[in-house]
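A.B. asks: Given next are the chains, with one letter for each unit.
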Amino acid sequence: MDGLGYRLNVLALFGVSFALLFAFAWQFGFDELPCPLCYLQRAGYVACGIGFLLNVRFGVSPAHYGVAILGALAGAFASTRQVFAHIAPDTGSYGSPFLGLHFYSWALIGFVAVIVFCAVMLVVYGSHDRESDRDFLTGQAKVSMLLFAFLVASNIAVDFAECGVGPCQDNPTGYWLFGTGKMRD
Amino acid sequence: MIIILPFVLGLVSCVYVMRGQREAALGWWSATLIINLAWLWYHMTDTLKLDF
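Chains as they are written, first to last, in the numbering used here: chain A, 1 to 185; chain B, 1 to 52.
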């Protein structure tokens, strides 16, 4: 297998983790609570990150890129839904912008970037068969895998704290677990 | 169906990936995606009361 292709997948997994980490930083740094569609976009990043995780753990395979593309499409649907909810004039927005764009717009750009990345990798490396399970993982690969798994686990904790065991409120006002918010009716 | 379910199933999939069980990981990932799509359907067809 081409070493560059593998390293790019490690980098892509770090990129997905960075998106999840940045969402956490914004949530806690600016006290902006994620809405239901925001969580679905995070879940989309988790679903597409698993594709890169598979590539890092088992070796690059077209099937794993398919996993990443399907996850990115699911996330892109959620972010597009939210962009459309605010696309008309005087329809407001959700959360504060970063570099002029709201996070659902950034999320959509990220999902499109993942799809483009996978398409390019498939064009360049698509004819390669999946190599046998990797018996050696680089330090960066191990860190990228553990960081991603940690962020998925963190999302479970944060999501439960905010929404409990039901659907999240459309316009959340606090954390259900700490008594400052409530579950959706 | 709870909103943390896609993350829980995603974490299970991650664990199977790291344990080297590819087929099981793909199975759990499929469940993650299905739950995610079900939530998408729910939120694409209801009225969102966001900050208008």
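Careful: at least some of the hints might be erroneous.
[What the hints assert, rightly or not] Okay, the calculated bits of chain B under chain A, using three or more residues with CB under 8 Å as the criterion: (1) 3 to 10; (2) 13 to 27; (3) 32 to 43.
[Claimed, not checked] Below are the SDA-like pairs computed for lysine to any residue, each with C-alpha atoms no more than 20 Å apart in a straight line: (4) Lys142(A) with Asp46(B); (5) Lys142(A) with Leu21(A); (6) Lys142(A) with Val12(B); (7) Lys142(A) with Tyr6(A); (8) Lys142(A) with Trp41(B); (9) Lys142(A) with Ser30(B).
Keep in mind that the hints were calculated from the coordinates and are not lab data. Given the structure is predicted, the values throughout are model-derived calculations rather than measurements. Beta carbons are placed, not taken as given, at the ideal position from N, Cα and C, and that holds for glycine.
A.B. asks: Counting residues of the segment 13 to 27 of chain B whose CB is closer than 8 Å to a CB in chain A, do you get three or more?
C.D. replies: Since 9 is at least three, the answer is holds.
A.B. asks: Decide if the proposed pair is consistent with the structure: Lys142(A) and Ser30(B), CA atoms, cutoff 20 Å inclusive.
C.D. replies: 24 Å, violated
A.B. asks: Does the segment 32 to 43 of chain B contain three or more residues whose Cβ lies closer than 8 Å to a Cβ of chain A?
C.D. replies: holds (count 8)
A.B. asks: Do the alpha carbons of Lys142(A) and Asp46(B) lie within 20 Å of each other, as the hint requires?
C.D. replies: Violated - the C-alpha atoms of Asp46(B) and Lys142(A) are around 41 Å apart, more than 20 Å.
A.B. asks: Holds or violated: Lys142(A) with Trp41(B), Cα cutoff 20 Å?
C.D. replies: Since the Cα atoms of Lys142(A) and Trp41(B) sit roughly 35 Å apart, the hinted pair is violated (cutoff 20 Å).
A.B. asks: Compare the distance between the alpha carbons of Lys142(A) and Val12(B) with 20 Å, and conclude whether the hinted pair is satisfied.
C.D. replies: Roughly 17 Å separates the two Cα atoms, so the pair holds.
A.B. asks: Next pair to validate is Lys142(A) with Tyr6(A); report whether the Cα-Cα distance is within 20 Å.
C.D. replies: 13 Å, holds
A.B. asks: Checking C-beta pairs, does the segment 3 to 10 of chain B have three or more residues closer than 8 Å to chain A?
C.D. replies: Check passed, 6 qualifying residues.
A.B. asks: Does Lys142(A) pair with Leu21(A) here, judged by a C-alpha cut-off of 20 Å?
C.D. replies: Given pair Lys142(A), Leu21(A) holds - Cα atoms ~17 Å apart, limit 20 Å.
Comparing the model with each earlier hint shows violations of hints 4, 8, 9; every other hint is respected.
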